Amino acid sequence: MSETLVSVQDMKVHFPIKRGVFMDRTVGYVYAVDGVDLEIKRGETYGLVGESGCGKSTLGRAMLRLNEPTAGKMVFDGQDFSALKGEELRRMRRRIQMVFQDPLSSLDPRQSVESILIEGLRAHGLDKGKESTNKRLRDLLTAVGLPTTALRKYPHEFSGGQRQRIGIARALALEPDLIVADEPVSALDVSVQAQVVNLMEQLQEQFGLTYLVIAHDLAVVKHISDRVGVMYLGGLVEEASAADLYAEPLHPYTRALLSAIPVPDPVVEDRRERILLAGDLPSPANPPSGCRFHTRCPWRQETRCDTERPVLRELKPGHKVACHWAEQIQSGQIQPHEVQPILVEEGDGLSPDVPLVGPASVTEALNP
Amino acid sequence: MALLEVRDLTVVFQRRGEEPFRAVDGVSFDVEPGQTVGLVGESGCGKSVTSLAIMGLLPKRGATVTGTVTYDGTDLLKLSDKQMRDKRGSELGMVFQDPLSSLNPVIPIGLQVTEVLERHRGLARKEAMIEAKNLLDKVGIPDPNRRLKEYPHQLSGGMRQRALIAIALACRPKLLIADEPTTALDVTIQAQILAVMKELVQDLGTALVMITHDLGVVAGLCDEVNVLYGGKVVEKADRHPLFAEPRHPYTHGLLASIPRLDAAPGEKLTPIRGSVADNIPWAQGCAFAPRCPNALDVCVQVTPAEEDQLGRLLRCHNPVVPGTPAAEEVPV
Ligand SMILES: Nc1ncnc2c1ncn2[C@@H]1O[C@H](COP(=O)(O)OP(=O)(O)OP(=O)(O)O)[C@@H](O)[C@H]1O
Ligand SMILES: Nc1ncnc2c1ncn2[C@@H]1O[C@H](COP(=O)(O)OP(=O)(O)OP(=O)(O)O)[C@@H](O)[C@H]1O
Ligand code: SF4
Ligand code: SF4
Ligand SMILES: [Mg+2]
Ligand SMILES: [Mg+2]
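From first to last, the protein sequence lines are chains A and B.
Here the first sequence is numbered in UniProt numbering, starting from 1 and rising by one per residue.
Here the second sequence is numbered in UniProt numbering, starting from 1 and rising by one per residue.
Keep in mind the hints are simulated off the structure, nothing from the lab.
A hint or two may mislead.
[Stated by the list, open to error] Ranges of calculated distance between the beta carbons of each label pair, as one might list FRET restraints: (1) B/P265 <-> A/P147: 32 to 38 Å; (2) A/E88 <-> B/Q284: 56 to 62 Å; (3) B/P59 <-> A/Q79: 56 to 62 Å; (4) A/T142 <-> B/D8: 31 to 37 Å; (5) B/D72 <-> A/Y154: 48 to 54 Å.
Note that the coordinates shown come from a computational prediction; the quantities given were computed from them, not determined experimentally.
Just so you know, even glycine gets a beta-carbon here, dropped at the ideal spot from N, CA and C.
Just need the whole structure built from these sequences, with the hints factored in.
Spelled out as C-alpha cells, the structure:
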C-alpha cells in the first residue's frame, strides 16, 4: 500500500499565447500548471480539486503526456515516463488509462460498444482470439454493471450514467494500474452520480486499481479519495488525507473553499460561517506575484505574501501546506481581515473566453 | 393572496409527427414577498420550462400552456406580449444560468444597466450612471467605473452573472426568478452571489423563485421547497421538515445518494437505481415507480394524487416512514 506508483516532480505546463496575423508571435504564456510535486501510492485514490481553470485537467493530461510538459517529469512505477519513446511509451501507456467527464463526446458515436472495447484490446495486442476476447468483453460489462446485450448497441442508446460505465469499461479493458478520471461524474444527474462513484470504488477493490480523480466538487472528492490535493492557479496549496483536510484545513484558500460548499442540511447551513472571498480568480496568464492567493486572501500579511512564493511544506505528518503563515493562522495569532475585490487583469486585457485569433489591435494588424 | 400564485401549470410540447410531451404537469405553488421558494430536481424535470412559462417566454408555436399564473391579482398567461414585456422589465426580474445569452453582446454593461434605470425608474442619464455604479458595487463587481464601459465578453462568468443580477436589481423587481444562477460558477463565486441574493430578499422584500438541482443551495436559501420529478411536484414542504424527514421516496433517495462534505469517513452512498430513462408515463401510475424502492402494485396502476399527507404535500402511495435507512443496497 505504501509503495509509490506515481511521482510527479516539478511539473510545469505553460501554453504560449500566440498573436500576429500568422499566429507566429508569442506574446506571453498561460501558466496553467506551474511547479507541481505529488506522489500517488499504489492502490490509493488521490483526489485533485480546485476551481475552474486552476490547471487540474492540464496536470492530468501532462502526466499522460497528452500535453507535453514545459518542465518536470513523471516517474511511473520506477520508470521516467516523460523520457519514454516509441514502443516503450506505448507499452507503458496501456498501464495508465483515462476516464473523461463527458462520456458521449469521448466515445465514437459510430462505433458499437463492442468495437469501442475491442479497439483498445487490439491496439495493445490483448485480442487473443475470438473466444477469449468475447469472454473478456462479457466480463468487462458485468464488472461495470451493464447487460451483455449492450455490446451491439451504440453510445447514444444509453443514458449518461450507462455511457460513463462504458467509458470505465474501456479503460478497464487494458488492465491498467492507474486510472486518471477527469470529472467522472460531474456531467451526470445527481441521482446517478452515486452509482458511478460506488462502481469506481468497487472496481478499485476488485482490481487493485490506483486512481487519480480530478474534480471541482470537493464533496465528491472527499468521499472517494484517500488523499486530496488542493490546487489554486497552477500550484498545489495544500495536501492531506481527506479526513484531515476537512477536519483541519490549513491553507486560507482551502478554508474558504470548504466553507463555500453548500451542505444539504438546513440545520448545518443556518449555523455555518462562510468565508466569502472577494473578487475573481486571477488570470493564469498574469498570476499574482508571491503567494498567488494574496490578492484574495483574508489573512494576507504585509511581509512575504506579496513577494515570496510559499513552497509546499509538511506542517504535520502527511499534511502539507503552501502558506507562509499557516502556523500563526492556525493558532489564531493572525486574524482574518476584510479584502477589497481587485480588478482581475488579463495581462493583455483579454478574457480567456475570447479565442486568441487574429491581430490584437489595428496597430498590430498594420505592423505584424 | 400571495404575490405569485401558480395553479395547475401545464406545458405540453407538440412537435410535428411526435407524441405530445408534457414537460410540466400540473405544477402549483405560491410565493410571498420576502419569501424564497425553491424548485429542485434533476435535469429535464421541467424546472426551466416552468420559469419560462411564468415569464411568458416559451415559443408560441408548439407549446401549449394551461393553468393560471396569478401575479398581484392578474393572470399573466392572459396578458398580451406587449403587456408581458413591460412587466418583465419592471416588476418581474429573471436571472438565467447562462448570463451571456441574456446580455446584449454589443452594448456595454453600463448602458444595459442605465437603460433599465431610465426606462423603468425614470431616472435621468446622470442619475442612472451613479445608480448603475452603486448597483455594480452592491453585487461585488470591482472597479465598477471601469466595468461599466466594458462589453459582456470582457467579463468573467462570475462577473457577468453579477452584472445580470445588477440589471435585474435595477428595476427593483417584486418577483425574481433565478434559474440555476450559480450552476456554471465556481463554489467560492457561488457563495458570493447567493449572499447577494439573500440580502436582496431580506432588504427589499423581493419574492424569489430559486431553481436549482443542488440540494445544498436549497437547504441554505429556500423557505419552501418543491421537489419536481418528471414535470410534477412530488413533495412540497418547508426546508427544515423536508431535509430532516424526506417523505417522498425520490427526495429520500436523492439525499442518500449525494456525498455530504460533513459525512463521517467511510460513509456509503446509496444511489437511486436506473435513470429517468426508466420512467413510466404519469398517466399509467407513478413515473418514479421503476426506480422506487417503496413501489407497490398500485403504483403502476393509479397515478398518485397530490395530497396533504403528514403535514406536507405529497404525491405518493407509499411514503417513506421517518427513520427508515436508505433503500437496500442497489447493485452497482
Ligand atoms: N491547449 C491550451 N492552450 C492554451 N491554454 C490552455 C490550454 N488548455 C488549457 N489552457 C488554459 O490553462 C488553464 C488551466 O486549464 P485546465 O483545463 O487545466 O483547468 P481545470 O482546472 O481543469 O478547469 P475546469 O475545472 O474548468 O476543467 C486555463 O486558464 C485554460 O484556459
Ligand atoms: N422548446 C421545447 N420543445 C420541446 N421540448 C422541450 C422544449 N423545451 C424543453 N423541452 C423538454 O422539456 C423537458 C423539461 O425541460 P427543462 O428545460 O424544463 O428541464 P430542467 O428541469 O430545466 O433541466 P436542467 O436541469 O437540465 O436545466 C425536457 O425533457 C426538455 O427536453
Ligand atoms: S502566504 Fe499569505 S497570502 Fe498566501 S495564503 Fe498564506 S497568508 Fe494568505
Ligand atoms: S407512488 Fe409508489 S412508486 Fe411512486 S414514489 Fe410513491 S411508493 Fe414509489
Ligand atoms: Mg478540467
Ligand atoms: Mg433548466
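How the hints compare with the structure:
Between B/P265 and A/P147 the C-beta distance comes to about 34 Å, which sits within the given range of 32 to 38 Å. Taking 56 to 62 Å as the suggested C-beta distance range, the pair A/E88 and B/Q284 conforms, at roughly 59 Å. For the pair B/P59 and A/Q79, the beta carbons lie near 59 Å from each other, so the given range of 56 to 62 Å is met. The hinted range of 31 to 37 Å is not satisfied by A/T142 and B/D8, whose Cβ atoms lie roughly 47 Å apart.
Look at B/D72 against A/Y154: about 51 Å separates their beta carbons, and that is inside 48 to 54 Å.
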